[in-house]
Amino acid sequence: MQTVPASIMGHTLRRIVFFLLVLLTTLGAMALMVSVFQTDGLSPMELILLVLYAILFSWICVSFWTAFMGFFVILTGRDRWAISRQSGSAPDPAAPPPRAAILMPIYNEDSERVFAGLHAIHQSLADTGQLEGFDFFVLSDTRDPEVWVEEELRWQDMVRALDGKGRIFYRNRPENTSRKSGNLEDFCTRWGGHYRYMIVLDADSIMKGETLVEMVRIMERQPRVALLQTPPVPINRESLFARILQFAGSLYGRMFTAGLNYWQLGESNYWGHNAIIRIQPFLDHCGLPRLPGREPFGGDILSHDFVEAALLRRAGWEVWLAYDLEGSYEEIPPTLIDYAKRDRRWCQGNLQHLRLALASGWNGLSRLHFSMGVMSYLASPLWLLFLIATGVDAYFQTQQETVYFFGENWAPVWPVSFAVEMTTVLLVTLTMLFLPKGLALALLLKDSRLRRAYGGMVKATLSVVLETVFSVLTAPVLMLFQTKFVLAILMRRAVGWPPQQRGDHQTGFREAALTHGVQTLIGIVVGVLSYQYVPAFFWWFIPVLLGLALAIPVSMLSSSIALGRQARALGLFLTPEETAPPKVLGYLEDHLAESEPVLPVLRETPASRFVQALTDPYVNALHRSLLPPREPPGRRRRHYLEGLVHQLEEDGPESLSPAQKRDLIADPDLLLRLHALFWSRPPANAGMLP
Amino acid sequence: MDRGKVSAPAPYMTAPLVAPSSEQLLARLGAYWRALGVSDPDQVAALSQQALRRVAETPESPGPDPVARVILAAGDLLDDWLARALELPRSSRELAAARAALLSGAAPDWPAALFAPPGQADAVVNALRAAIAEPAPPVKPGSMPAQRIDLFDLLSPLRRLQRR
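These protein sequence lines map, in sequence, to chains A and B. So the first sequence is residues 450 to 1139, counted in our numbering. So the second sequence is residues 482 to 645, counted in our numbering.
What the hints contain is simulated information worked out from the structure, not anything from laboratory work. Mixed in with the good hints there might be a few duds.
Every beta carbon over 10 Å from chain B, so not counted as near; a handful from chain A, in silico [to be verified]: (1) PHE486; (2) TYR502; (3) GLY810; (4) LEU1034.
These stretches of chain B come out as covered by chain A in the derived footprint (C-beta under 8 Å, 3 or more residues) [what the hints assert, rightly or not]: (5) 526-538; (6) 572-578; (7) 620-634.
A few chain B residues that face chain A, going by a derived Cβ cut-off under 8 Å, partial list only [to be verified]: (8) THR495; (9) PRO545; (10) VAL548; (11) ALA549; (12) ILE552; (13) GLU568; (14) LEU584; (15) GLY586; (16) ALA614; (17) PRO616.
Note that CB positions come from ideal geometry on N, CA and C, so glycine has one too.
Turn these sequences into a full structure, and let the hints steer you where they fit.
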């Protein structure tokens, strides 16, 4: 008789325990709700409330039990199935040493920050003495011509500074087909064959050299693993909003990721960056099709990461979350508004998963990952519906006149009160929401080093309390934002926002009023109405109403860098990365603060890099050398380009759109011609002639 | 005031020199050579003369104005030298990369190398070879076939029945 491997037994047992706990807790809460509703039969409104509550409560339950499992794992320090602790097999000594490509896909990002980050990672990797096993690729999908030229110069500067020729590469795609997934596919199909692994970063990712080396080591030991995700810790922002999020991400995040690994094990998910991927299975199984139909559910797969993880799982490969690997960082949006903008970008991709979750052939947990992706955005409109339904139900309750004497009863029949049950439901829900914060705090009691890193127990506790207040205030705002995004996507309407700003900056009154004005109005109107017609409901509703009514000042104040710094000086919202920054973050800071570029052309900041690509002989030659070979333009295209040249001659570069500028500098012959044109007829203010 | 006149903003670029004098051409070429990094006036003069000769030897073509033609000729002179010294094909991306390396400051003595006899500019050539940008490794093609994802369709069981 075949014996079942211990790992399969252990994995199955963990999942049974986890899902049983989720199921039983949900059923318990539902039973309480039903006992309240069922006395006089279920009204349609109560049925709606019950269904909504079941969905939302099970969603909270998954999160709560994940956190609880994480708490348990970290508290006991025992996790025999953590991928980093599994012995695995010894790598084949005859096999060539593994080579890994570190990929940074970028799209119109701040080039200085991108290359400073890569420089820091390079330096940290050099500290390990293992640099020769890694190559760097900047995979640019940038469309903005100004940023494009800047990127080329920064790349060349980095190559010169680090003697990185043949190790640090750059390319800009002529067309950004299929966005980020197409960008990575382009790398895989052209250069992937040179490498066994790729480590995918985001534009604001930072990773320690030791972590990168360890990731490769784990992959070498575990040949069944196709993808290893590290948990990126948020860092480096100074605004109050970002520091609160950094604190929460750092303190609670480690518990949640440990918990995720507890039940997901080798069927984990891919978060799109700070992960290592075995290239061959990725090539074999992760080519993404276009989904049939129109957007938002059809077209390119936007949140490609979840789908790629599911495809790898479908092909029998393992996908792990290395929750205990430290040294993986990312930067987060600095303000509430930027955070919402990022949500807007992610929302459509996640809603697409609604369709994918039901596709055939997926592994069970992959379906759950898809559903969790959907729920992370759908939960908001559902909460809103739940609140509205509760309000409406409460209103109708107040309209009912209580009758004390009826039928054959000689004594008054008092209405049955369900205050105890309802309070229990509310308390259970609040406990599920907030207890994980307490558990994360309790874990600090176990580790004095970590306790100090978070500023000591008192400061950490105060930070948790303040973070909780802040999250209560911002939750209704985010709920309305996400509801708006979901509705806009379903109605195929653009929300119309400028691109997200990644660097620290503050929200002014105008921006805050324009963004949060309607939310504030909703908060005030609903507050007045509920106070007028359902006063009992009003008091329960206060946290939501307050969050909405104060959206403008909260958004403005939380974007303040001064308040963020002041909180830091007071020892609030401290993270280990702030109290004792790892070397790699120090390298990043140094490069951003005081690095002198090797290329003289980078030491000056011209008004336009686009114009510089036309006028400066070096920038022009470098840009031309990086353009991919292309067919000579057809007649129509030639006429179009000639028109642009005339427009440039007459009206100057300001009259051209970024796309038109890009067209002009994307053609090598035209670029050379324009260079000569600028030197023969230099614009009056270009300073080209003495 | 003449109300019949409409004032138009001046064009961004200066008007082309239709029939520039040789002094005007030399002045423009001089400025261009200096922008390329040639500071010795004798070298500037010699290179400018070479560029002018080159233009005179090539048949006139419609398109660039006379000044643009001498500027292009100056660039061609550099490319000729680079192609010879580094054994690169003409009109290639490699040649543009070599020109970028030359102008990047990797070999500060390059203007003298242009006048050096063959074989006497090895230091500059080696410095250039080391400085030529390599944006990507050689392509090693792999295929990434699009995977099949069978989306849920309410009508698919009916279709299956119909097929049977």
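Open item on the list: A closest beta-carbon separation below 8 Å is what the hint needs, so does PRO545 (chain B) meet it against chain A?
Closed with: holds, 6 Å
- [ ] Using Cβ atoms only, decide whether LEU584 (chain B) comes closer than 8 Å to chain A, and label the hint accordingly.
- [x] holds, 4 Å
Open item on the list: Take the shortest C-beta to C-beta distance between ALA549 (chain B) and chain A; is it under 8 Å?
Closed with: holds, 4 Å
- [ ] Hold the hint about THR495 (chain B) up to the distance rule: shortest CB distance to chain A must be less than 8 Å.
- [x] holds, 5 Å
Open item on the list: Let's test the interface hint: is any C-beta of chain A closer than 8 Å to that of PRO616 (chain B)?
Closed with: holds, 5 Å
Task: Cut-off 8 Å, beta-carbon criterion: hint that ILE552 (chain B) touches chain A - done: This hint holds: ILE552 (chain B) lies near chain A, its Cβ roughly 4 Å from the closest one there, short of 8 Å.
- [ ] Would you settle whether the hint for ALA614 (chain B) is holds or violated, based on the nearest Cβ-Cβ distance to chain A being less than 8 Å?
- [x] Cβ of ALA614 (chain B) sits 6 Å from chain A, so the hint holds.
Open item on the list: Interface hint check: GLY586 (chain B), Cβ to nearest Cβ on chain A, cutoff 8 Å. Holds or violated?
Closed with: holds, 6 Å
Open item on the list: Verify this for me: three or more residues of the region 572-578 of chain B with a beta carbon less than 8 Å from a beta carbon of chain A.
Closed with: holds (count 4)
Open item on the list: Does LEU1034 (chain A) clear chain B by more than 10 Å, comparing its Cβ with all Cβ atoms of that chain?
Closed with: Its Cβ never comes within 10 Å of chain B, the nearest being 29 Å, so this holds.
Open item on the list: Take the shortest C-beta to C-beta distance between GLU568 (chain B) and chain A; is it under 8 Å?
Closed with: violated, 17 Å
TODO: Over 10 Å to the closest beta carbon of chain B is the bar; see if PHE486 (chain A) clears it.
DONE: holds, 32 Å
Going down the numbered hints, you'll see the structure goes against 3, 5, 13, while the others check out.
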